[in-house]
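From just these sequences and the hints, can you work out the full model?
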Amino acid sequence: MNALIASFIRIMAVCSKEMIHLVHDRLTFGMVVMIPLFQLVLFGYTINTDVRNVPAGIVDQVNNSFTRKLIGDLQASQVVDFTKVANTPRELETLIRNGEVNAGIIIPHDVEKRYYSGEGDIAQILVDGSDTTLASAVRALSSFPFSPDQTISNRSRAGSFSVRLLYNPERRSSLFTVPGLLGVILTMTMIMFTSIAIVRERERGNMELLITTPVRNLELMVGKITPYVGIGLIQVSVILFLGVLLFRVPVVGKLPQVYAACLLFILANLTLGLMISTLVKNQLAAMQMSFFLLLPSILLSGFMFPFVAMPKIAQQIAEVLPLTHFLRIIRGIILREEPMSQMMSDITFLALFALVFLIISTIRFSKRLE
Amino acid sequence: MKDIITVSGLTKRFGTFTAVDGVDMSIPPQTVYGFLGPNGSGKTTAIRMMCGLLQPTAGKIEVLGMNIPEQTEQIRRQVGYMTQKFSMYGDLSVYQNMRFMARIMGVYGRGMEQRIAHLLERFKLDTFSRRSAGSLSGGQKRRLALAASVIHKPKLLLLDEPTSEVDPNTRREFWDELFVMCEAGTTILVTTHLMDEAERCHHLAIINEGCKVADGTPTDLKSGIGADICQVQGPDISELRSVFSGEKRILATARIGMAIRVITEKGVEPGCQWLSTFLADYQVSVEPAEPSIEDVFVMATRDNRGAEQG
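One line per chain: the protein sequences are A and B, in this order.
Convert by adding 6 to the 1-based position in the first sequence; the result is the number in the numbering used here.
Convert by adding 498 to the 1-based position in the second sequence; the result is the number in the numbering used here.
These are calculated hints, taken from the structure and not from any lab test.
In this text, a Cβ means the ideal position worked out from N, Cα and C, and glycines have one as well.
Honestly, I wouldn't trust all of these hints.
A few chain A positions that, by computed beta-carbon distances, are all more than 10 Å from chain B [to be verified]:
#1 ILE41
#2 VAL47
#3 ILE77
#4 THR89
#5 PRO114
#6 LYS318
#7 GLU325
Okay, the calculated bits of chain A under chain B, using three or more residues with CB under 8 Å as the criterion [to be verified]:
#8 9-23
#9 26-36
#10 206-212
Using C-beta positions, here's what the derived DEER-type ranges look like [as the list claims (entries may be wrong)]:
#11 GLU619(B) - ILE369(A): 40 to 50 Å
#12 GLY607(B) - LEU358(A): 32 to 42 Å
#13 LEU239(A) - GLY609(B): 33 to 43 Å
#14 ILE369(A) - LYS558(B): 25 to 35 Å
#15 SER351(A) - GLY563(B): 47 to 57 Å
#16 GLY724(B) - ILE369(A): 49 to 59 Å
#17 THR504(B) - SER243(A): 50 to 60 Å
#18 MET310(A) - GLN572(B): 49 to 59 Å
#19 GLN572(B) - SER351(A): 43 to 53 Å
Rendered as structure tokens:
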């Protein structure tokens, strides 16, 4: 019993020491809040596959009520925003090449004849193909249905312009991105914080003293990660608060599930960071290693690209990353209101991952200097 | 009473480099035992093996009647270790550092606060208890490290160059504390390369290039130096350097202010008498001098070098 109390006190000693470090280390402490804040706002707004208001130019060789109606309808689609007027197709090409606009429409002399005859394209759309997302959005205009007169809708010709984007103005990718960001931010910060935790003591010479004390490996490991669990949960709260505030992510009512999933994921990442810390010799190497792991997490986990569309080998690699499993859990909870029982395999994976890495790092950390 | 530390054939190799080479020694209780040697002689490596920080390549270590490495964890509860480099947490306050070490070492509850208060007062740190350890002066840092290393009242205290970087007054006070602890029952092993520290120890082991080259009390070591020490003074001493070189009976010389200290080999004719005749052509006086620990150190480390060259 006494031994147990002594052990608990040693864990608490390490834990409270770590917290003092954290409070003193303003940079790290600032990162706790600033990383979620910046990333969420930046990614939340920029990772957006809905392309809107692409600056565009017009070459109108007719300029009558028919063409004005056509231009007006295209402008109303919000995909393009006609900001420039050119006299010749060549002039429009120059505008695109110079980056003044990203797209443009050329309306030929015989546009009305082409429209009513029902043969061939009525107009030509030019688009800067260097940005594929943008280009595909503009290309979608090729099947945009147009009718010069609202009353004769049966004569509207759907030869070129699609209305898919236009009739789905609320297509919010942020709803999909924010839960993903929750995972990416936690991966980034949790691994980074703990990967330097042990190596820092080694670098500053504290380790030589620490390992001559009776503190046990497991006590040291548990004491070291405990404060970061709290840090992680603070980050989760910041992200969820901003997610609700800025992107209206529906989490209210599912909070206990969300926090439980996050806690599990935080533990998995902390123990992974701890393992890195026992592998490397200095803080720089710890950082490099963290980033080395961060990249596949971002690219392969399903955060960036749809998981099902990835090649088999990439999917297999992704299966060992905690983020992949976390994304399935968290998107399931937030977006689809999936019951927890449906996610048992992912939950089990994260729990085992945390346990295995805690054990590995405890074994790997030798209380010797060599 | 049984020896506190018994070491036999202690060897540590890093790759092809042998840092400690077959050291034997034993430290009786309540002694201040000095480990004297030049930088890189293997002192730190040896002391690190004695507290289980490094695993010996060969040899046996018995500390407080227990074996390393098998009983390292039990030994750690009764041993205090002060590292050469300051290893307390710079961003924690003096008190926070002490509290951390106390809890880790198993001192807690009401006894902890009393113990910390007592030590802070004893080591004159009570007025700095809220200061961050990193902002302390060199002497204060050393006192903090010492206070932390004895928080659990260890039976054995290992100090790795405890006062190499502090001024003589601080060093003097520090050593007074060591003797108070020693008289109270603590055995202390201290490494040093400073002669004045070595002189204070009850017992000295001189280590050079990983080997123990001399062992004894400072008085015994000085009287058993096996050489005659002479002090040469006079207007011509600046010319003597070339005269001394190549002379077999002269083992070592050192310029000390206005005099030259000469270590001469013992012979039938006393060293200084011989030197006096040898330097008859010069305007100098030759007088016998008492051997110092430095002379012992020079002799001990010189022998080893000679052996290596031969």
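Just pull the numbers of the violated hints for me, sorted ascending.
none
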